[in-house]
Amino acid sequence: MSIKRRDFLKAAVTGSAVAALPAPAEARPNLEVPPNAIGMLYDATLCIGCKACMVGCKEANDMPVESADQSPIWDTPVDASGKTLNIIKVYRDGTAEVKDRETDGFSFVKRHCLHCVDPGCISVCPTTAMRKDPDNGIVTHHPDACIGCRYCVWACPYNVPKWDFDEAFGRINKCQFCNHRLAEGLLPACVEQCPTGASLFGTREEMLEEAHRRLAQEPGSTYAYPRNTLDDPNRHEATVPHYIDQVYGETQGGGTQVLILAGVPFGKLDLPDIPERSFASISETIQSTVYKGMIAPLALLGGLMFVSRRRLGEGGEK
Amino acid sequence: MKLAKTAPMGGKILTRPFVFLSLLVLIALVLLGFRFLYGLGAATNLNNGYPWGLWVVLDIHITAAIGCGGYVLAVVIYIMNRGEFHTLIRPALVASAFAYTLANLAAFVDIGRWWNFYQIALPWNINLHSVMFEIAMCMALYMIVLWMELVPPALEHFGKQKFLKSYKKVLFVIISLGIVLPTMHQSGLGALIVVAGDKISPLWQTPWISFLFLASAIIMGFAIVIFEGALTVLGLGRRLELHLYRRLAKVLRWFLVIFLVIRFADLVYRDALVAITESNARGVMFGLEIGLFLIPLMILLHPRWRGNARALFLSAICLLLAGAVFRFNALIIGFNPPAGYVYFPSVIELLVSIGLLAVEVIGFTYIVKRYPVLPPRKKTVAPGSNSSTPGLATNV
Numbered sequence: 002m003s004i005k006r007r008d009f010l011k012a013a014v015t016g017s018a019v020a021a022l023p024a025p026a027e028a029r030p031n032l033e034v035p036p037n038a039i040g041m042l043y044d045a046t047l048c049i050g051c052k053a054c055m056v057g058c059k060e061a062n063d064m065p066v067e068s069a070d071q072s073p074i075w076d077t078p079v080d081a082s083g084k085t086l087n088i089i090k091v092y093r094d095g096t097a098e099v100k101d102r103e104t105d106g107f108s109f110v111k112r113h114c115l116h117c118v119d120p121g122c123i124s125v126c127p128t129t130a131m132r133k134d135p136d137n138g139i140v141t142h143h144p145d146a147c148i149g150c151r152y153c154v155w156a157c158p159y160n161v162p163k164w165d166f167d168e169a170f171g172r173i174n175k176c177q178f179c180n181h182r183l184a185e186g187l188l189p190a191c192v193e194q195c196p197t198g199a200s201l202f203g204t205r206e207e208m209l210e211e212a213h214r215r216l217a218q219e220p221g222s223t224y225a226y227p228r229n230t231l232d233d234p235n236r237h238e239a240t241v242p243h244y245i246d247q248v249y250g251e252t253q254g255g256g257t258q259v260l261i262l263a264g265v266p267f268g269k270l271d272l273p274d275i276p277e278r279s280f281a282s283i284s285e286t287i288q289s290t291v292y293k294g295m296i297a298p299l300a301l302l303g304g305l306m307f308v309s310r311r312r313l314g315e316g317g318e319k
Numbered sequence: 003m004k005l006a007k008t009a010p011m012g013g014k015i016l017t018r019p020f021v022f023l024s025l026l027v028l029i030a031l032v033l034l035g036f037r038f039l040y041g042l043g044a045a046t047n048l049n050n051g052y053p054w055g056l057w058v059v060l061d062i063h064i065t066a067a068i069g070c071g072g073y074v075l076a077v078v079i080y081i082m083n084r085g086e087f088h089t090l091i092r093p094a095l096v097a098s099a100f101a102y103t104l105a106n107l108a109a110f111v112d113i114g115r116w117w118n119f120y121q122i123a124l125p126w127n128i129n130l131h132s133v134m135f136e137i138a139m140c141m142a143l144y145m146i147v148l149w150m151e152l153v154p155p156a157l158e159h160f161g162k163q164k165f166l167k168s169y170k171k172v173l174f175v176i177i178s179l180g181i182v183l184p185t186m187h188q189s190g191l192g193a194l195i196v197v198a199g200d201k202i203s204p205l206w207q208t209p210w211i212s213f214l215f216l217a218s219a220i221i222m223g224f225a226i227v228i229f230e231g232a233l234t235v236l237g238l239g240r241r242l243e244l245h246l247y248r249r250l251a252k253v254l255r256w257f258l259v260i261f262l263v264i265r266f267a268d269l270v271y272r273d274a275l276v277a278i279t280e281s282n283a284r285g286v287m288f289g290l291e292i293g294l295f296l297i298p299l300m301i302l303l304h305p306r307w308r309g310n311a312r313a314l315f316l317s318a319i320c321l322l323l324a325g326a327v328f329r330f331n332a333l334i335i336g337f338n339p340p341a342g343y344v345y346f347p348s349v350i351e352l353l354v355s356i357g358l359l360a361v362e363v364i365g366f367t368y369i370v371k372r373y374p375v376l377p378p379r380k381k382t383v384a385p386g387s388n389s390s391t392p393g394l395a396t397n398v
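Taken in order, these protein sequences are the chains called A and B. Under this note's numbering, the first residue of the first sequence carries the number 2, and numbering increases by one thereafter. Under this note's numbering, the first residue of the second sequence carries the number 3, and numbering increases by one thereafter.
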């Protein structure tokens, strides 16, 4: 009996325990920012909520009008969806008198894919239908390979990818950073349409510098805000608001390529407070520890074959 | 190791329950037609806040866990060398094979781009980091393995003795795969939630989630063997081999103890118990989950209660529900959707799930009536069986 127990323990402990226990031997660190990472800076304090960016996005990506009352006349989506890749939402509190103030104030926020440095959607996708450009870092979706499991919708910390629930033969939709326009040397549609420079395009590095420059300004002083890109001469002077002293996306979940500045706490704008270590890196650390070279499962299989063969060999004789 | 004798039960197939269950299957089939014609949004209450609902949790996660009877018995019989349980393995394998077939089918029904399903098997699409990839592969493979484990009864049925003999020589490979694969994907089904991070309440988002899913699947595997044993007595008029179920319960209780010790140690260590105040639903559902694990624990730790057929049956039901509620909690109740989204399954989702369950019952009954799966009827009462317990132990 004791020998049999030992056989069982050998097989079970080496294999199944390894397969199930959280034992991160060699942690997979967060992914690095790609060499030529492009970026976008959205400054909620500059946003006037005109939604020109939403119109530009729909046109550039050939997306249909979506309205809450089913009328095809105007576009009134309430959230990003399979038909709306970019949306301006509003936070309001109490009397909503003052812009960019938490109490009795309001703030706009532009929501679309943040193009994570270490994206969860890519980590989870069973068919590699989510991909990140190794050079500019744009996260794209490729429906050809997608089976529609919606794990990306479920797992994205920013709730970005959307399944087209209205369609019988649907697909995942999300902002692709207008990569088809960038290829033609054009700006992302939302940036091109933005009249106030609330959406700014450049490299991630430039955007991060610009964001910190703004945070360093004295509230109440004037600052020449750029439009479209940093080197565009068409700047406009505006009063520097009281910024929340943080660039959203600098470190969140390992960083994002779309960066956000705001005057109200990011949590109020549905931008979650995410730890620096990406959830993808935690999940992949567990996966790669357990399945490193498939050694543990194969060892378990070998042990089991050894034991079960002996057991079956005893068949009938007893 | 002596192989247990088995024989087809015989008897009418077209019984009244069979017709009723077939009707449920028919309804589900019509509704599935609706789902494929008009899409997920039309058939379900799923939305972009809750992209996973009843079908994912009940028809994939829970059905697969309920299908662990064949897995745990294979470990007990072939690895722990307890040949006396061999009379239980064939019915358990039949039930598991149906459960996994349905879980795979449910996955096909639930994926939005079902016409593209083969993409997951294309080598250039493989993402080894994806837990979903691992689960999908393991579950599909294990379904095949389960049916392969059932080839011997079929060969016996058709009298292919020579082929049966050579088939049994490679059976050890199939049996071993039949242990490795569930170990992998049952823990993987838990690992699925790790990447969601803060979107899952700390009550369920734990570094131990893979272990807890695996352990609870094993517990559910034992429970379903006991549950099915009792149902075969009630529904098909078989004798209850109570002494065997008692001994299974003895093994089962250790898994239950380990599961609960780790569940609580982890919750306390991470200071996560305060999360029961996050919402009423979470508090209640967490309480229900733990209660459903604790009641059977008390029954199974008590030697006299453990020997009682009814108490044993009750613990099996509690444990199946406990594992189910645990999975519902980890994937839906504990899930933080973006603001403004709610989910409750649609009538179509419910009826399809019921229909899939009906397929399992019909399929199981048909196979045990036509193929040598159950031990042949005997007049003698097995030693240790509690024949005085009414209802369960009555021999028909």
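Treat the hints with care, since some could be wrong.
[Said to hold, decoys possible] Pairwise CB distance ranges, derived in the manner of DEER restraints:
hint, chain 1, residue 1, chain 2, residue 2, range
1, B, L275, A, K269, 40 to 50 Å
2, B, Y343, A, T240, 33 to 43 Å
3, B, I15, A, A300, 24 to 34 Å
4, B, S168, A, P36, 56 to 66 Å
5, B, F160, A, D134, 38 to 48 Å
6, B, N338, A, A300, 48 to 58 Å
[To be verified] Incomplete in silico selection of chain B near chain A, CB under 10 Å:
hint, residue
7, P10
8, M11
9, G12
10, N50
11, I177
What the hints contain is simulated information worked out from the structure, not anything from laboratory work. For every residue, glycine included, the Cβ atom is placed at its ideal position computed from N, Cα and C.
Self-check item: Cβ separation of F160/B and D134/A, checked against the hinted range 38 to 48 Å
Solution: violated (57 Å)
Self-check item: Interface hint status, N50/B versus chain A (Cβ within 10 Å)
Solution: Holds, because the Cβ-Cβ distance from N50/B to chain A comes to roughly 5 Å (cut-off 10 Å).
Quiz item: L275/B and K269/A, beta-carbon distance inside 40 to 50 Å?
Solution: Violated: the Cβ-Cβ distance is about 28 Å, outside 40 to 50 Å.
Practice problem: Against chain A, run the beta carbon of G12/B and see if the smallest gap drops under 10 Å. | Solution: Constraint on G12/B not satisfied, violated at 26 Å.
Quiz item: So the hint says 24 to 34 Å: do the beta-carbon atoms of I15/B and A300/A match that?
Solution: With Cβ atoms ~45 Å apart, the hint is violated.
Quiz item: Does I177/B pass the interface check with chain A, least Cβ-Cβ distance below 10 Å?
Solution: holds (5 Å)
Quiz prompt | C-beta pair N338/B, A300/A: status relative to the range 48 to 58 Å that was hinted | solution = violated (38 Å)
Exercise. Could you check if P10/B really has its C-beta closer than 10 Å to a C-beta on chain A?
Key: For P10/B, the interface hint is violated, since the closest Cβ of chain A sits about 22 Å away, which is over 10 Å.
Practice problem: Tell me if M11/B is really an interface residue toward chain A, meaning its C-beta lies closer than 10 Å to one of theirs. | Solution: With Cβ-Cβ at 24 Å, over 10 Å, it is violated.
Quiz item: Taking 33 to 43 Å as the hint, is the beta-carbon distance of Y343/B and T240/A inside that range?
Solution: Since the Cβ atoms of Y343/B and T240/A sit about 37 Å apart, the hinted range of 33 to 43 Å holds.
Quiz item: Does 56 to 66 Å hold as the CB distance between S168/B and P36/A, or does it fail?
Solution: holds (59 Å)
The structure shown violates the earlier hints numbered 1, 3, 5, 6, 7, 8, 9.
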